Amino acid sequence: MFKEMHDLFRWAWLIPALPFLSFLLIAFVTKRSKGLSSTVSILAILTALGLAVAIGLGIIQSGAEIVEHPVIVSANWLNIGGLKINFGTIVDPLSAMMLFVVTLVASMVQIYSLGYMHGDKGWSRYYAYQSLFASSMLGMVIATNLLQLFIFWELVGLCSYLLIGFWYFKVSAREAAKKAFITTRVGDFGLLLGILFLYNKFGTLDFTALSAALSTSLQNVAVVGTAGYVTVMAFLIFMGPMGKSGQFPLHVWLPDAMEGPTPVSALIHAATMVVAGVYLVAKMYFLFQASPAALQFVAGIGAFTALFAATIAIAQDDIKRILAYSTLSQLGYMIFALGVGSYSGSMFHLMTHAFFKALMFLGAGSVIHAMHEKQNIWDMGGLWKKMPITGWTFFIGVLAISGIPPFAGFWSKDELLANALQNGHPIVYAVGLFTAFLTAFYMSRLFFVAFMGPEKPENHPHESPWTMTIPLIVLATFSTIGGLAALPSHNFAFFIHFGEFEPEGMNWGLAGISVIAGLLGMGLAYYIYIKKAISSESIVARFPVPYKILKNKYYIDELYLWIIHNIMDGLAKVLYFFDIYIIDGIINGIALLTRGSAKGLRRMSTGQLQTYAMVFFFAVVVIFMVFAFGEGQFSSLNPLAMLGGVK
Amino acid sequence: MSALPSGGSYLLPFILLAPLLAMFIIVFLPKEETKTIKIVAALGTFTSMVLSLYAFFAYNQAAGGMQFTLTIPWVPDLGVNLAFGVDGISLPMLLLTNLIGFSSIYASWNMEKRAKEFFALLLILITGVMGTFIARDLFIFFLFYEIVVIPIYIMVIIWGSTKRVSKEYAGMKLTIYLLIGSAFLLVGMVALYLAAAKQGHPTFMFDQLAARQNLYSAPFQKVAFGLMLFGFGSLISMFPFHSWSPDGYAGAPTAVSMIHAGVLKKIGGYGLIRLGIYVLPIGAKYWAPVIAVLAIANVLYAAFIALAQKDLKYVIGYSSVSHMGYVLIAIAALNPTAVGGAVAMMFAHGVMSALFFSMIGFIYEKTHTRNIPDLGGLAHQMPRLATGFIIAGMASLGLPSTINFISEFTIFMGTIKALPVQAILGIAGIIFTAVYTLRVIANVMFGPRRSEWDHLKDIKGAELVPLVVLGFVIFATGIFPNILFGLVNTGVTSSGLAKVLETVSQAKMGGLF
Amino acid sequence: MNLGNLSVGLSTYLLVGAMLFCLGLYGVFAKRNIIAILMSLELMLNAVNINFVAFNRFLWNQKIDIHYILTGNVAALFVIVVAAAEIAVGLALVITIYRNRHSTNVDEFDWLKW
Amino acid sequence: MGTIVFFIFAILAIAAAWGVVTSRNIVHSAFYLALSFSGVAVLYVLMNADFLAAVQLLVYTGAVSIMVVFAVMLTLRGEVSDSNPENRKWGWGAFISVLLFAVIALVVLTNPDWRILPSAWTSGGSAEDMSLLLLSQFMIPFEAAAVLLTVALAGAVILAKGVKENK
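Residue numbers (my numbering), protein chains in the order written: chain U, -14 to 632; chain S, 25 to 537; chain B, 1418 to 1531; chain V, 9 to 175.
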């Protein structure tokens, strides 16, 4: 059984290759024909989805064997001066799960875009980028070594840059794209350093080999300082995820990234690319595991980001920005889950979050489409009746993210919160629980205001075309049932776990608490925004300062801008000044000196040939005398000797 | 082909002479026939490019060492030989020269002002640069290097453009820097020659000079390497000697900027490896800490200054200074990985900067300005040009799938062992590179449509050649790096360089710091 | 003519040559008239010729062979030839300069100064 | 006998050369020059270079001196008695010349080893020997000298005649 599956798994490279092929086709062949471009792209991603499903089924059938023995195929890619890097594919439950999630969301988003991007001038370009993104993301997922992962990691960053700036004529989009790239680049700096240090220490970048090398080196007590080294490397590696997955303080780019087309936000900035950081931490978990300090740090950053982003989300008015901060907050969940040792919980949440957050972004896109590019939730209202499919699916998303059973978010969030408490991190648990309450509150606020609020007469919303609603329905289905993967005996955690597998039952008591927190949040929102029992304006009026801080996202963007504009650009100007006035000044000074001394020496050229001849002969005599008397020996006056002849 | 019965391959002389032949044909063409002149120039460089591609793939990597060699005694009494040959280090450089040479002809396709003289000089320039890379004899190396200086000066003065500094100033600065550098080089070269002639027949051959290392005392090596460091360092725009680079590029016409930034600068790095590390390893070891510090200054200082620039060419000029810092730090690391990375980086940066300069050349040609605030939204009118510009930008900031990433990565990999602190600072440079590159892309290409540029036509036909050729090379070698690295690897390992580096690393001697 | 057994040695001839040469040199340095300078030049050439011939005459040569023994004389002959050419061209130049400047005074010629 | 002849003519040549450079009359200078040339010719004879002596007389005393005199006549302006003055820097010139002479004399007089022939050879120096040498060993320089003379002649003619502006 496993043998036949094995053959199937060897074909995993096709999954990223197909979208890449489609990218090339669109870029060089079909770019003039809009219909062909989208067809090619969607066909490629659907085929990839089919393959991913086949691999997923194969994994489920292989059972425990594949967990122990991932299928790795690799070939030499780079070889220089003792540095050997392979490229390959790894198929194990984790990568298979990611393959499935990415291909599913990507194909849904591409189908959805048929409707959403209708009539856009850059249609072919859009689909080319989409294909390139899918290809890079999938390539990253099945990477066998850190460098390969890093390469695709950067490529998804490029796609993100291109897609955020897709409407390049919008200044805001242009700036957001730039910001996204540069901010993640700061994280990548650390990641790259971490990779280099790892290679330097262990001589390999292969995940499996690295893990083995690390454990041997840790067991070897004689090697002093490994633990400290490991901590440093874990911190450096974690900088990458901080950038990519928008963890504080590198989170600033993600909300701005909403300037891209909404399907792009759904795919890249909610479901797939931003979880790459989480995925990386999971992949490198053996490293983090070896360093309690690093794990503590990861948990702390994750928990802080979760809470921090959730508080900002409460005060935002733009539908996409609320979702963006919600994404940040949920990423924080995943990160702190890894920090507290809930490996499978984090991965589980990654999957369910991909479903429901993509769903909600696409729902938001549908709303924005209907509202003719209005994004402020206070401009909306009464959409529930006009857009039933969007409304229902969005509602499912809200329930899922709020952790209401039996929707997907409940299972995953519960698992990781329970693990946090069980593994002895009560503070993280408390923060997570409170954030769950906040999440339920701001999501319900969004839903109640936009869908349930009073209708606005100036709007004429209408349900979106079927190309947009079908993906919504598909994703809503997965958001509903996706959590059930936690139930069977060979459940999610059986396949995806770290270390020894210990089956654990649901802790219904803790689950009840988090459900209550979610329901409380929804109830509060209901009271404020539907019942109007407490007016939201009065709250704002009572707490103007906190509201202003939240509204302005704790002024972090302003702080960064100030640093960039004053310190970095200021330093640049100072150095430029130094360059053109000091360094060039010295150069020009030397030139001037030369010119000046030449002016002086010029007097010596009288133009009188006789003077020249006199100087010439005088020099001859002097040189002659130097030769003759220089060494103080009269006998060296022998002319033959002087001319270099025999003595 | 590699072993003709007469005991030498004529492939390299053919590669060298093809542009020269084209130059002679151009000399005899009437000057009104600009179209014919351009076609002849393109044909000449095309022949060279195809032949060097052939050499690139026909090179026997298993055998390694110098191949396609040809040695003709020239001045036997002085030990000067017309000796040609390529190995894994010089062959990529030769190919690079030809790729850029070919593209530069097309990048100046719209040149109408004194086209005949322009293309004749350009071909001389290309020939000269090529000659430095295929020479196996120090004297010939130096000879070709001096040949290069003359056309550059004339071309900057006649076809250059005056912006922050006048083109006369730029040309003068460029030339004087190159000549001062070469003067120091000459002193070092003669000293080396005399030291090597103490035993056996006097020689200028690189391998002979390297083989006679036991003749060079440690103090001599230190002084000689210092001289060469000054000479080659000012050529590769090492930190305090870099200021010719931005001004020179800004003043020079597109083709000269391309060749200068693309390959001419690389002679500095090539020389430091071929002559510095190879022949004077102890000197290299002694100076390495200094080089490393200056290299970091290059990377960060120039990257910061690039942030403050308003002129497109200045941005790229400073960026190239910054990137050369990586080559220098790799040389300072003195290990095979880093040196291989340095060679690859020179190749990668050459292709990238040539593409950048050709795109900027088209922008300037069409809009008559290079001032970044005056430009904007050009992606609307010129999507293809924007594509080329973005490709170059992405290569510049070291995006994976471009050869630049792999080179940078290899360099970092090699340096982090030897010089961790400098390497970390150098890697920090990638952030600032990203900042200025993306700023330029955003401000020039993106943003709202500007009606004053509506009349511009996108690049088409012959103008596309640089984009296609150089873009293809960037991605082909970036996705399949072994095409390039296999060769570089042979150059570093089989040529004995690796062995030299190993001995150097074991040598117990303190550096300057 | 055979004046074979002479007691005048090489040094004497060289001193005569040196004296002529230095007189010529003084003439080149000190005279204003360009023709006088040319004449002084001829004196110097003569001094050189004396040296050539004297060395040829007195110095021991390894190969006692007519072809080598007379090399100095041949050199002197060539000097005379070149001197003749020089004086011809030189005087022609003088005349040309005189025609243009109406002067043979080198103090007035400072065209080398630019 | 030879010694006496030598000193007479050596002193004559040097004295005449002194006259050349000190005379303030350019015409006198020219005549002194011819005298000096003749003195040198005798020295050649003393050194067994008969043929050279003949050439010296013919070319220098005969041709060159006459040409110089012609040139003097063509360019003479003003008072002939003050036609050949010294310039202001003549003192410096004298100093350098004397210095040079001192140095050379020092070398010549102090040099212990000139490798002089044990016994001076007597034959050779005739026109026949010279011609043999010129037409075998030094054939190419000889021809080159011939070309040089021709070119110099043509050049002198062109220079002296002056190039007409072709208008």
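Think of the hints as simulated: they come from the structure by calculation, not from any bench.
One should not assume that every hint holds.
Restraint ranges, calculated between C-beta atoms of paired labels, are given here [what the hints assert, rightly or not]:
id	chain 1	residue 1	chain 2	residue 2	range
1	U	Leu577	V	Val165	27 to 35 Å
2	S	Phe496	U	Tyr540	41 to 49 Å
3	S	Lys334	U	Phe603	38 to 46 Å
4	S	Pro97	V	Met147	39 to 47 Å
5	U	Phe603	B	Asn1522	50 to 58 Å
6	U	Glu448	S	Ala500	42 to 50 Å
7	S	Phe499	U	Ile466	28 to 36 Å
8	V	Leu157	U	Phe603	28 to 36 Å
9	S	Lys334	U	Glu543	21 to 29 Å
10	S	Lys334	U	Ala197	23 to 31 Å
11	U	Ala197	S	Pro97	18 to 26 Å
Just so you have them, the derived chain S footprint on chain U, three or more residues with Cβ under 8 Å [claimed, not checked]:
id	region
12	126 to 136
13	168 to 178
14	555 to 561
15	577 to 583
These numbers come from a predicted model, not from an experiment.
We treat Cβ as the ideally placed atom computed from N, Cα and C, and that holds for glycine.
Each hint, compared with the structure:
A hinted range of 27 to 35 Å is violated for the C-beta pair Leu577 (chain U) and Val165 (chain V), which are about 51 Å apart. In this structure, Phe496 (chain S) and Tyr540 (chain U) meet the distance hint of 41 to 49 Å, their C-beta atoms being roughly 47 Å apart. The hinted range of 38 to 46 Å is not satisfied by Lys334 (chain S) and Phe603 (chain U), whose Cβ atoms lie roughly 57 Å apart. Checked against the hint of 39 to 47 Å, the pair Pro97 (chain S) and Met147 (chain V) fails, with Cβ atoms roughly 29 Å apart.
Distance hint check for Phe603 (chain U) and Asn1522 (chain B): the Cβ-Cβ separation is about 24 Å, which falls outside the suggested range of 50 to 58 Å. Separation of Glu448 (chain U) from Ala500 (chain S) is about 48 Å and conforms to the stated range, judged on CB atoms against 42 to 50 Å. Checked against the given bound of 28 to 36 Å, the beta carbons of Phe499 (chain S) and Ile466 (chain U), roughly 42 Å apart, lie outside it. Between Leu157 (chain V) and Phe603 (chain U) the Cβ separation comes to about 34 Å, which falls inside the hinted range of 28 to 36 Å.
Checked against the hint of 21 to 29 Å, the pair Lys334 (chain S) and Glu543 (chain U) passes, with Cβ atoms roughly 26 Å apart. With their beta carbons about 54 Å apart, Lys334 (chain S) and Ala197 (chain U) fall outside the hinted range of 23 to 31 Å. Separation of Ala197 (chain U) from Pro97 (chain S) is about 59 Å and departs from the stated range, judged on CB atoms against 18 to 26 Å. Counting residues of the region 126 to 136 of chain U whose beta-carbon sits less than 8 Å from any beta-carbon of chain S gives 3, enough to reach three: the coverage restraint holds.
Residues of the region 168 to 178 of chain U lying with their CB closer than 8 Å to a CB of chain S number 6, which satisfies the three-residue condition for coverage. Given as covered by chain S, the region 555 to 561 of chain U passes the check, having 5 residues with a CB less than 8 Å from a CB of that chain where 3 are the minimum. Taking a C-beta to C-beta cut-off of 8 Å, the region 577 to 583 of chain U contributes 0 residues in contact with chain S, too few for the three needed, and the coverage statement is violated.
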